[in-house]
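Asker: Turn these sequences into a full structure, and let the hints guide you.
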Amino acid sequence: MSEVKRITLYSAIDSPFPHRVRLALEEAGARYDTIWIDLMNKEGWYEEKVNPAGGKVPLLVYGGRELRPDEAPSAEAVKIPESLVILEFLADLFPDANLLPTDPVLRARIRLWNTSVDAKLPKGLLGFLFLGEPLESILGLLEEFQAMLPPTGFVAGEWSIADAAFIPILARLRLMLETGLGNFTPEVAQAGVEALHSPRFARLQRYYEDIAARPSMSKTWNEVSNLHVYFQCHPAKQVAIAQEEMKVTTVRRMDRFRRTGIVTSDLRVSVPSPLAYKSQPLSR
Numbered sequence: 001m002s003e004v005k006r007i008t009l010y011s012a013i014d015s016p017f018p019h020r021v022r023l024a025l026e027e028a029g030a031r032y033d034t035i036w037i038d039l040m041n042k043e044g045w046y047e048e049k050v051n052p053a054g055g056k057v058p059l060l061v062y063g064g065r066e067l068r069p070d071e072a073p074s075a076e077a078v079k080i081p082e083s084l085v086i087l088e089f090l091a092d093l094f095p096d097a098n099l100l101p102t103d104p105v106l107r108a109r110i111r112l113w114n115t116s117v118d119a120k121l122p123k124g125l126l127g128f129l130f131l132g133e134p135l136e137s138i139l140g141l142l143e144e145f146q147a148m149l150p151p152t153g154f155v156a157g158e159w160s161i162a163d164a165a166f167i168p169i170l171a172r173l174r175l176m177l178e179t180g181l182g183n184f185t186p187e188v189a190q191a192g193v194e195a196l197h198s199p200r201f202a203r204l205q206r207y208y209e210d211i212a213a214r215p216s217m218s219k220t221w222n223e224v225s226n227l228h229v230y231f232q233c234h235p236a237k238q239v240a241i242a243q244e245e246m247k248v249t250t251v252r253r254m255d256r257f258r259r260t261g262i263v264t265s266d267l268r269v270s271v272p273s274p275l276a277y278k279s280q281p282l283s284r
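To convert, note that position 151 of the sequence shown is 151 in my numbering; the numbers rise steadily by one, no gaps.
Each hint should be verified, as a subset may be incorrect.
What the hints assert, rightly or not - Derived DSS-like pairs (lysine-lysine); straight-line CA-CA distance at most 30 Å: (1) Lys5 / Lys120; (2) Lys79 / Lys56; (3) Lys219 / Lys79; (4) Lys123 / Lys5; (5) Lys5 / Lys56; (6) Lys56 / Lys120; (7) Lys123 / Lys56.
What the hints contain is simulated information worked out from the structure, not anything from laboratory work.
Being a predicted model, the structure only gives us computed values, none of them experimental.
Answerer: And the structure:
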């Protein structure tokens, strides 16, 4: 196998789509640079110099030199947009990481799963969180995907890019329900939390716990950073963010204690604050 070239990921804390890519990079043990993009206050250089096709994230740059945030990738570098395309690229780039299984049937199952996730869940999540669609609309979608999970393990048995495609969306839904942040009443939020922890979603809850226990998730998912971004976008809900930080941490610790009987500190690898987006050097 030829030497892997420099990888630069343009990412955003509040979007599930670059989160997919970061999960796969961590699972592969890849070395990569991260340049953070503030989606709500996007500077012109990103769309002008890096991703003219709408300025979306993620964008992965393969090859070339180390980049400053406002610098265009070099001519020899390859720019790859779209999170699902990037996931497949990483599976090919790091075959020993088993991001995709070798079994063609399982590979087809993963691609069908990913296609279904992209067709249904982002729209369903936004509809519930911000457009006033009923709670059952998103719960019904989650039930569909839960029914496709095997009795144990991950989507294809072992961890794969199918899990990377799905879990960032589920994580954000859980966070918004647990903190009551969205275009819904506190009663709806409570009903959503209770539903996700009910026997109806027992398999999905176990699946989430298995994902959350992996180092790739703890390195790439930070509830507090996502709350900071949400409060920036919704000033009317800027109720003492320190209280929200404590609330999130307490919920996680209580849940861990209920499951394991062990009290531990909630240690995480920090995610950069959205208040100070800047280039992050090689993560490994």
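Asker: Please list, smallest to largest, the hint numbers that this structure does not respect.
Answerer: Numbers 1 and 4 - these are the hints that the structure violates, sorted from lowest upward.
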